[in-house]
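Protein chains: 2
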Amino acid sequence: MNRTESATAGSAVAGSAAAVARRARAAGRAAAAAPAEARVAALDALHRLLLDHQDEILAANQRDLDRAAAEALAPPLQKRLALGPDKLATLRDGVVALRDQPDPVGRLLRRTELEPGLILSQVTAPIGALLVIFESRPDAVVQIGSLALKSGNAVILKGGSEAADSNAVLVSLLRRALAEAGLPEDAVQGVQGRDAVAALLDQDACIDLVIPRGSGALVRSIQENSRIPVLGHAEGVCHLVIDAAADPARAAHLAVDGKCTYPAACNATEALVVLRGFLPQLPVVGDALRAAGVTLRADADARAVLPWAQPATDADPGTEYGDLTLGVHVVDDLDAAIAFVHRHGSGHTDAICTTDPDAAATFLARVDSASVFHDASTRFADGFRYGLGAEVGISTGRIHARGPVGVDGLLTTRWLLRGQGQGAGDFGPGGRRYTHRSLPIDVL
Amino acid sequence: MNRTESATAGSAVAGSAAAVARRARAAGRAAAAAPAEARVAALDALHRLLLDHQDEILAANQRDLDRAAAEALAPPLQKRLALGPDKLATLRDGVVALRDQPDPVGRLLRRTELEPGLILSQVTAPIGALLVIFESRPDAVVQIGSLALKSGNAVILKGGSEAADSNAVLVSLLRRALAEAGLPEDAVQGVQGRDAVAALLDQDACIDLVIPRGSGALVRSIQENSRIPVLGHAEGVCHLVIDAAADPARAAHLAVDGKCTYPAACNATEALVVLRGFLPQLPVVGDALRAAGVTLRADADARAVLPWAQPATDADPGTEYGDLTLGVHVVDDLDAAIAFVHRHGSGHTDAICTTDPDAAATFLARVDSASVFHDASTRFADGFRYGLGAEVGISTGRIHARGPVGVDGLLTTRWLLRGQGQGAGDFGPGGRRYTHRSLPIDVL
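If you're matching them up, the sequences are chains H and Y in order. The numbering of the first sequence is the working numbering, which starts it at -12 and goes up by one. The numbering of the second sequence is the working numbering, which starts it at -12 and goes up by one.
Among these hints, one or two may not hold up.
[Claimed, not checked] If you want the ones that stay clear, here's a sample from chain Y, every Cβ over 10 Å from chain H, calculated:
id	residue
1	Ala25
2	Gln65
3	Asp87
4	Asp126
5	Ala166
6	Ala168
7	Asp195
8	Asp244
9	Thr312
10	Phe327
11	Asp369
12	Gly374
13	Thr400
14	Gly417
[Claimed, not checked] Heads up, incomplete: computed chain H residues facing chain Y, CB under 10 Å, no partners named:
id	residue
15	Ala19
16	Ala23
17	Pro113
18	Phe367
Simulated from the structure, these hints should not be mistaken for lab results. We put the CB at the ideal spot given by N, CA and C, even for glycine.
Bound-form chain H, shown alone (with noise of 0.2 Å):
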């Protein structure tokens, strides 16, 4: 397959918004209503594929390479860009697990008898139709597009123009693999381009939820550019408050492991909030971030204890620096800290290192995050480290899901009535009455 054939079969640049939409309602709803077979099936389908095709995939992927090369694209998204045979191996594992976990779709939540012969039930289903925007990791399409497959959702997939060879062999095979187990190949579908994501981010008649993939940056522009809901995260702005009461070498360890681990994850600890108690055991923990090679912007009193510190300015607190640099801010007392990380968090992932009890127990009922931590360190704050399979991404939405998503992000649920001619007229004052019995779900 050439690239124009693959963009061809994979894209719908030449498609308008609305038509690429309409499809994807429609596919999903297709797909929604599939037995659960079909979708492994496709899955099974997609893992073969994957493999017979992979020549032309890590082609494509050359020709990507060559191109940023040529570009002088950053080395990390260079890198980042690159698939090699291992990496398709790894997809090819993540496809296969994704197939044989149970179905998620239909799964019965709920069931009461409003009156014998008037049964509800609530069932899990797929929100519809998704579009996904991410940057240059091709990898991405394959791990996104077969959650999408296993939930049963229509996705739409905009990837970078830096991955757009292997980006569209990928969707390509992804269609083929929804054909041949008897599904709509428009439940995944290639767009390309900034002009398209900005017409689709309209389509919210037809289009049900958008996840960024990407930077804050990303995240805040689509939500203020379309009224589809958006799972994301603009920002991680993690801290780890260090109590008076706290184990030096164990704030040392979760300081380091949290800033210097990846420090451009969301996850990643921004900022130490430290209890004035603990300051005369500090320097054990600035040494230690000072060898893993941390710049720390402290306040005065930090400072007092860190005197090779840079001088943290009004602009620190809340600041995503995203590379080795780390806030450092004194405070009062637990209060304190708690109203701290409230006022400059962004409610993703907060964290207290203490040997006290009650101060950890205070610190998990009142820290208003989407993940609260005791004793480790933030960058367990992802669905992966959480057991959760596949990640669709993280929230700080505290609607529909939050913190890690795994699939069960990707799904909503529908209620079923079975009756027998009834009326609600039939019931109230001198009429029938509601039993509203629970009924046992496991069994059907």
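With chain H's structure known, arrange chain Y on it following the hints.
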């Protein structure tokens, strides 16, 4: 308490929208962290205050009613405005029922061992701060206020100006009940006026969810003017599909009940979609509807057997009549019926009448609406009838909550991780391994 006093105590007209929203956020955080006993005590106090201050409530309501009469408000609106001793007794019963329900906050949903000594919990949590906009019924103040209180949320209530005096007294009693239980009284705030609402819709940093309870026009206008997620239904265009294999008497009963028991309700049936094979028996249904005073707007095929019906135009399909008018449209088969429902429905509630189990199963599987019924009236789509207890609203959105929404719709989740100093970098190749063991949730 006179009108001026109650307005000072209960409403926040004077404060800016930003200050109201910030107070709601802070009060919501305090309410969320409070123990279940405080929420029970507040509902207990509310019950007592509603009884002790009954005369004051009725006097304020009488002032609203006098003003409504002087301004010649439409009689149905005057009726909805009226609070009598019976309605107040029902409201108090609702407060007691809510008080006695299990606490919905902090319920353990999932518990996972990431490794021994690193335990993840997912627990229910209040969403945070809600803005609820409703029209003439002052009973909504008590219903919504007590639901918010039970679920640990803060709520900003904007009622109709016609109920200003009643609302102000009820809001002030809710605030007093909160204060008596040691909870922040700003967990319930009342505001007045369209300008206040417009300004609050901008406060997306502090308000998490808007719940408009009113006309479709109100809901749409809010959706278009806010980045805050909206829970509600813009339209309720519900269909009854009459299969060729329908029992005519049952179809007639479902049509009459669906249209006539409350024509202005969002779950009222707006159109019959009749399979051609049923046409010979359609007059049975038509006669029953005519006897119930329903005006039919029928297409040419239907008028062949219902010659007295008005002719439908292209504008009829998808119309929410809201009165005793009903569309009648003939289709060739079940596929065409489902396509009609998808094209013209609003995804609220759609029903089929049939004695054919395959047709029923196909309809339940394929129709993409929040509620899908077999041989039951669309009017059953309602939180009370579903056995959900108090109803927050009915959602036609697919995110967060779908269909009739009970107290669960006011909850989100939080993730709590309790460790012993672990960092994410301690895991991985050569390091520790995740166990991801699912732990029982019935014990703590």
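How the hints compare with the structure:
1. No beta-carbon of chain H comes within 10 Å of the beta-carbon of Ala25/Y; the shortest separation is about 13 Å.
2. Listed as outside the interface, Gln65/Y is consistent with that label: its C-beta sits roughly 24 Å from the nearest C-beta of chain H, beyond the 10 Å cut-off.
3. With 10 Å as the threshold on Cβ separation, the claim that Asp87/Y sits away from chain H holds: the shortest Cβ distance comes to roughly 16 Å.
4. The beta carbon of Asp126/Y is kept farther than 10 Å from every beta carbon of chain H, the shortest such distance being approximately 18 Å.
5. Every CB of chain H lies more than 10 Å from the CB of Ala166/Y, the least distance being 20 Å, so the non-interface label holds.
6. Every Cβ of chain H is farther than 10 Å from the Cβ of Ala168/Y; the closest lies at roughly 18 Å, confirming the non-interface assignment.
7. Against the 10 Å criterion, Asp195/Y falls within the reach of chain H, whose nearest CB is about 5 Å from its own CB.
8. A beta-carbon of chain H comes within 10 Å of the beta-carbon of Asp244/Y; the shortest separation is about 3 Å.
9. At roughly 19 Å, the least C-beta separation between Thr312/Y and chain H is larger than 10 Å, which holds for a residue marked as non-interface.
10. For Phe327/Y, the shortest C-beta to C-beta distance to chain H comes to about 14 Å, beyond the 10 Å cut-off, and the non-interface label holds.
11. Interface exclusion of Asp369/Y from chain H breaks down, the closest Cβ pair being 8 Å apart, not more than 10 Å.
12. For Gly374/Y, the shortest C-beta to C-beta distance to chain H comes to about 4 Å, within the 10 Å cut-off, and the non-interface label is violated.
13. The claim that Thr400/Y lies off the interface is violated: its Cβ sits roughly 6 Å from the closest Cβ of chain H, which falls inside the 10 Å cut-off.
14. With a cut of 10 Å on Cβ distances, Gly417/Y stays outside the contact zone with chain H, its closest approach being about 14 Å.
15. Hint on Ala19/H holds. Least Cβ distance to chain Y is approximately 7 Å, under the 10 Å limit.
16. A cut of 10 Å between beta carbons decides the hint on Ala23/H: the least distance to chain Y is about 12 Å, and the hint is violated.
17. Checking Pro113/H against chain Y: minimum C-beta separation of about 9 Å stays under 10 Å; hint holds.
18. Annotation: interface hint on Phe367/H holds; nearest CB of chain Y at approximately 6 Å, less than 10 Å.
Checked against the numbered hints given earlier, this structure breaks hints 7, 8, 11, 12, 13, 16; the rest are met.
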